[in-house]
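**Student:** Model the full structure from these sequences, guided by the hints.
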Amino acid sequence: MSLEQISNTALIAAFFIYIIAFFMFVISITGKKWSNRDPEAHMKRWSRFAFGVTVLGIASQIIYFITRWIYSGHIPNANMFEFMTLLSMMIIVGFIIIYIIYRSAGTGVFALPVAFIVQAYAMVFPWEAEPLIPALQDNWLKIHVTTAALGEAFFAVGFATGLMYLIRTVNFSGTSKKERRSIKGVEFTIFVILVVVGFIGSVFLFNGMDYHAEFSKDVIVPAEESELELEQVTTENVEYTLPPIVKPYNSEIVSMDSYFGIQKPLFEAPFWMQGVNAGRKLNTVVWAFIIGTLLYYTLRLILRKPIGASIQPILNDLDPDDLDEISYRSIALGFPIFTLGALIFAMIWAHIAWERFWGWDPKEVWALIVWLFYSVYLHLRLSRGWQGSKSSWLSVIGFLIVMFTLVGVNLVIAGLHSYAGV
Amino acid sequence: MIQNTKCECGHQNPVNTVLCESCGKPLIEDQSMETLEMRYDGAVRRSQRENKTIIDRVWSFFSSVKVAIYLIFFTLCGASLGTIYPQESTFINIDPSTYYPETYGTMGSIYYMLGLSHTYETWWFKLLLIMIGTSLVICSLDRVLPLYRALNKQKIRKHDQFIRRQKVVYTGDIKEIQNEKDAELWVNEFSGILKKKFYRVTTDGRSLLAEKNRFSRWGPYINHIGLIIFLLAVLLRLIVSPWYMEEYISVLDGEIEQIPGTNYYVENERFIVEFYSEDELSEKTVEKGKIIPKLFATEAVLYECVKNCNDPIKDPVLEEVKKHSIQVNEPLEYEGLLIYQMGYEETPILNSVNATLKNRESNEEYGQFILEMDNPKSTYEVGDYQLELIGYYPDFTFINGEAGTKSSKPNTPAFIFSIHGPGMPDKGEINMYFPLPQHKVTYQEDQINIAAGSTLVIDVESMQDVDFSLYTSFLSARKDTILPMIWIGLSISMIGLILGFYWNHRRIWLKFNKNQLLLGAHSNKNWFGLRKEVAQALHKSGIEVEAKSLENEVKDS
Chain A
53 MSLEQISNTA LIAAFFIYII AFFMFVISIT GKKWSNRDPE AHMKRWSRFA FGVTVLGIAS
113 QIIYFITRWI YSGHIPNANM FEFMTLLSMM IIVGFIIIYI IYRSAGTGVF ALPVAFIVQA
173 YAMVFPWEAE PLIPALQDNW LKIHVTTAAL GEAFFAVGFA TGLMYLIRTV NFSGTSKKER
233 RSIKGVEFTI FVILVVVGFI GSVFLFNGMD YHAEFSKDVI VPAEESELEL EQVTTENVEY
293 TLPPIVKPYN SEIVSMDSYF GIQKPLFEAP FWMQGVNAGR KLNTVVWAFI IGTLLYYTLR
353 LILRKPIGAS IQPILNDLDP DDLDEISYRS IALGFPIFTL GALIFAMIWA HIAWERFWGW
413 DPKEVWALIV WLFYSVYLHL RLSRGWQGSK SSWLSVIGFL IVMFTLVGVN LVIAGLHSYA
473 GV
Chain B
-15 MIQNTKCECG HQNPVNTVLC ESCGKPLIED QSMETLEMRY DGAVRRSQRE NKTIIDRVWS
45 FFSSVKVAIY LIFFTLCGAS LGTIYPQEST FINIDPSTYY PETYGTMGSI YYMLGLSHTY
105 ETWWFKLLLI MIGTSLVICS LDRVLPLYRA LNKQKIRKHD QFIRRQKVVY TGDIKEIQNE
165 KDAELWVNEF SGILKKKFYR VTTDGRSLLA EKNRFSRWGP YINHIGLIIF LLAVLLRLIV
225 SPWYMEEYIS VLDGEIEQIP GTNYYVENER FIVEFYSEDE LSEKTVEKGK IIPKLFATEA
285 VLYECVKNCN DPIKDPVLEE VKKHSIQVNE PLEYEGLLIY QMGYEETPIL NSVNATLKNR
345 ESNEEYGQFI LEMDNPKSTY EVGDYQLELI GYYPDFTFIN GEAGTKSSKP NTPAFIFSIH
405 GPGMPDKGEI NMYFPLPQHK VTYQEDQINI AAGSTLVIDV ESMQDVDFSL YTSFLSARKD
465 TILPMIWIGL SISMIGLILG FYWNHRRIWL KFNKNQLLLG AHSNKNWFGL RKEVAQALHK
525 SGIEVEAKSL ENEVKDS
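Line order of the protein sequences matches chains A and B.
Going by the numbering used here, the first sequence opens with residue 53, and the numbers climb by one from there.
Going by the numbering used here, the second sequence opens with residue -15, and the numbers climb by one from there.
The hints are simulated quantities; they were obtained by calculation from the structure and are not laboratory data.
Quick reminder that beta carbons are idealized off the backbone N, C-alpha and C, glycines included.
Treat the hints with care, since some could be wrong.
Unchecked claim - Label pairs and their in silico Cβ distance ranges:
id, chain 1, residue 1, chain 2, residue 2, range
1, A, Arg232, B, Glu230, 53 to 63 Å
2, A, Asp373, B, Ile12, 23 to 33 Å
3, A, Asp373, B, Glu164, 37 to 47 Å
Claimed, not checked - List of simulated lysine-lysine pairs, DSS-like, C-alpha gap at most 30 Å:
id, chain 1, residue 1, chain 2, residue 2
4, B, Lys278, A, Lys194
5, A, Lys333, B, Lys268
6, B, Lys532, A, Lys84
7, B, Lys165, B, Lys139
8, B, Lys50, A, Lys415
9, B, Lys274, A, Lys269
10, B, Lys463, A, Lys415
11, B, Lys165, B, Lys524
12, B, Lys516, B, Lys151
**Tutor:** Dropping the structure here:
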C-alpha cells in the first residue's frame, strides 16, 4: 500500500470511528433507563468507552495527517479538502479538552456530529494533494492556518453545546409567541444542518452513480479585455456532476445523462447569474435544499413531532446551566486563539507575503467580522448578563458566520484566499 | 432626592454606590435575596455621577457598554457590505464610475453611488472606528479606576447580606465549635487549605478573605490598551505621510529602475520562474492542463544614489547597498525599506543577437557580430566586410507605404545595412535584416533582399545567439515606520486576552456567627471551577458537599 492509500484509509477509518463514538455517547445517556443496571455506573462506563473510541478516531486522523504531510511534502492545510479535514480534527481536539474539564457525555452527542459532518463536507472536495504555489511556501502556513482552525473549532464546540442548551430548554409544547418562536428557531437550525447533509449526500450519491452533464455558454469578452481589442464571443463549457435541475443562463446542452426519466433541465438560471459556474453552483444549492427538505420532512413524518422535541429526551438529564457554562467556556477558550491565529498571525504573514498587514481582502474582513461578533457575545454576556438562551442563540449565529467565512467567502466572494479545487 | 449614603458600618460612601465600599452591605434597600451584582464590586463610576455637565454626558455615552456593543455591531455590518463586490482598491487601473455599472448592472451602480465600492475609506466607517477607539478609552478608564480602588482596600469582615447573596454560597452549623477560640482555630486551618490552592489569605479573628489571580481582572483593560495603541498607530499612519510610503515598480529582466520618491534604485539582474513538473502534480491537474508555478524570484540589487541625484543632465552615481533574491515570502529589507515580489509578466523583448554574415549561394560564413537593439552602432566590421547601418526601425511598420516605426520599443526590430567589401558595388549593397524569424516571413525579408540584388545573408545560427528579456518583474516598495507600534499594540492586546481568559479572579469570604459558618465566593468567570474548588476545600476540612449544591438557590432571572 502506498503512503497515499494508507493516509486516505486512515481518514475514512477516523470518519467511521467518530460515528461509532457518537452512537456510544448516545447510548451512555439513553441506556441509563435500561433495566438491570445502575444508571450512574452505566453512564460512567459507556461514556468512558465512547471517549476512548473518540481518542482512537483522532489517532487515526493524526495518522492521515502525518502520512499526507510526508507524501505531499507540505502540511495538509492548503486546499479546501485539507483545511476542512483539519477543522474537523481540531473540533475533536476542542471537544477532548472540554470533555476533560467537564466530563460531560452530552457534549459528545453534539460535538461529534459537528466534527464528522465537517469531515464529510471536506470529502466532497478533490482529495488530490497539490504542490504549493509560491505564496503558500512559508512556515506561517503551518502556524496561521492551524491556530485559526483551532480557534474556530472551539467556536464549533460552543455552537454544539449552545444548540444543546436550546433543545434542552425550549418548551416544545409551549404556545406563547416567544416559545413558538424558539421552537421555530431550533427547527430551522436543524433544517440548515440537514441541508448541509443534503449537499454532502447529493454529491456522494451522484458521484457514486458517475453522473455527467455538460453545457456550453457563449461569453462575451469586452473589447478592452481581448487581445485584438475587439469584442469577442467565446464559448465556455461547464461540467455538472449533479443532475441539472437548473442550467446556466443562456446555455446549450452538450451532453446529459437522463435522471429519473428526465431528459432536459427543468429551469434556467436567472439572467443576473452571468458566469457559467453560477448556474452550476445554483444547481448544487437547489439539490442541497431538495434533499435537506426531504430528509427533514421524512424525519418529522417518522417521529411525528418536531425533531428538536424528539432529541430533547436524550438531553433531559443534563443540567442546562452546565451546558450554558460549557458553551461559554469553549468560546472564551477559543477567542484568544482565534485572535492570535486568524488576525494577528494573519497580519504578520500578510505583512511578509502581501506587502501589507491588512488589505480589506474579503477573507480578512470576514475574519474581523467573526472576531467582532464574538466580542459582542462576550460583552453582552460579561457586562450585560446575557446568559442562557440569549447567549446560546448568539453562539449558534456566531458559528454560522464562522462557516460563511470559511466556506461561503470562497464559494461566493473569492478574493486572495482562493484554494485549489473551489 | 437626598440619599443617606452612610452605611451602618460607619463608612461614608459616594452617591449611587451599590455595595458599601467597606463591608459590602447592599445599599439599595430591597428585601430580595437575589444574588448581588458584583461588577466593579459595586463601586460608583464616574459615568454614574449626579449633576451631569456636558462633558459628563459625553463621558456617560461613551462609557456605556451598550453603546460600545452597538458600535461594534454597526462596524461589523458595515464591514460586511464592503465584501459584496470587489473594492476599488483591488484594481489598478479602472474608472469606478463606469466599472461597477458595467460589470454588475443596476446593483453595481447603486453600490457605487452609496460609496460602498470604497467602504473602508468612507467617512462613516472611519467615524465608527474612531468612536470605537473613544469608547475603548472611556469605558476602560470609567471602570478600571473604581475597580482598582475597590480591590485595593478590601475589608476582610463582610456584612452577612453580602456573603449570603453571592452566587456561590455555603451555610452550615458546625457542632464542634463551642466558642470563639474554636472558630478562630477552624478559620486558621481552613486558611491553610486555601493557601495550598495558591490563595492569598488574610484573616481577622473569625473572618477570612481568600483571593487569587487578581491580575486576571486587568486582562480586559490590558487588551483594550493594546487595541487603543493599535488604532492610534493606524491613525498616525494616515496622518503622518512621511512615515508611510508605497510605490509600485515594474523592472525588466536586466534593467534598473529608480524607486519613485527615493534615492534608491533597484536592478533586476535576473528573473527566475520555475514550474512544477508533471510528475509533481496530481493526474487531474495534468489532465486539465494547469500549470502551477513553483518559484518566482527577482535576483535584485539595491543601489543608493550618492552623487548627481535628480540631476537631469548627468547620470546618477550609484552605490550597491544590498543584494537579495526577492521572493513572495522573502522581501528585500534595507533600513526600513521593504521590496516585495508582487507578480510577473511574460514580456519577451529582444536585447541583442549574435548575427552571422554568410554568402547566400554557398552558405560560406564570413564572420559574426553582436547587434544590439538598444543603441546599435553605426558600423560593424565583419571579416573583410563593413556593415554601415543606414536605417533602424525598432517597431517596424509601413506608414503610407514607407518604412517607419511605431514606437521606440524593439517589438519588431528591422535594420537596413549598406555593406561594403570584396565584390560589393561601390555605393554598397543594401540588405534589410529582421532579427526575429516571424518578422522575416511577414515582411518577406528574402524577397526584398533578392529583389535588391543582395548576395549576402545576415542570420543567427541558433537560439543561443539570441538574448531576450523574458519577464517583467512587478515589485512593490514600502516604508512603514509605524509598524513596530502596530506589533506592540497587538502583542499587548494578546497578553491581555490571555490573562483575562485563561485565569480567573476568585475570592472567598468566610465568617462565623456563633457556630454557624457563612461562606460566599465570587469569580469573574468559570463558576464551575470555583464551585469545584470550594467543595474540595470544604471536603478537606470535613464538610461534605456536592459542588453543584453550592450554587445560590435564588436565581437571578
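**Student:** Could you run down the list of hints and mark each one as holding or not?
**Tutor:** Evaluated hints:
At about 56 Å, the CB distance of A:Arg232 to B:Glu230 agrees with the hint of 53 to 63 Å. Range check, A:Asp373 to B:Ile12: about 27 Å between beta-carbon atoms, so the 23 to 33 Å window is met. The supplied range of 37 to 47 Å is met by A:Asp373 and B:Glu164, whose beta-carbon atoms lie about 38 Å from each other. Proximity of B:Lys278 to A:Lys194 is assessed by CA-CA distance (about 18 Å); at most 30 Å being required, the pair is judged to hold.
For the hint linking A:Lys333 to B:Lys268, the alpha-carbon distance of about 21 Å falls within 30 Å, and the restraint holds. Straight-line distance between C-alpha atoms of B:Lys532 and A:Lys84 comes to about 21 Å, which keeps the hinted pair within the 30 Å bound. Taking the CA atoms of B:Lys165 and B:Lys139, the gap is near 21 Å; set against the 30 Å cutoff, the hint holds. Taken as a hint, the B:Lys50 and A:Lys415 pair is honoured in the structure, with Cα atoms around 28 Å apart against an allowance of 30 Å.
The straight-line distance between the Cα atoms of B:Lys274 and A:Lys269 is roughly 22 Å, inside the 30 Å bound, and the hint therefore holds. For a cut-off of 30 Å, the pair hint linking B:Lys463 to A:Lys415 stands: about 25 Å separates their Cα positions. Annotation: proposed proximity of B:Lys165 to B:Lys524 holds, straight-line Cα distance about 20 Å (limit 30 Å). A hinted pair counts as satisfied when its Cα atoms are at most 30 Å apart, and B:Lys516 with B:Lys151 qualifies at roughly 13 Å.
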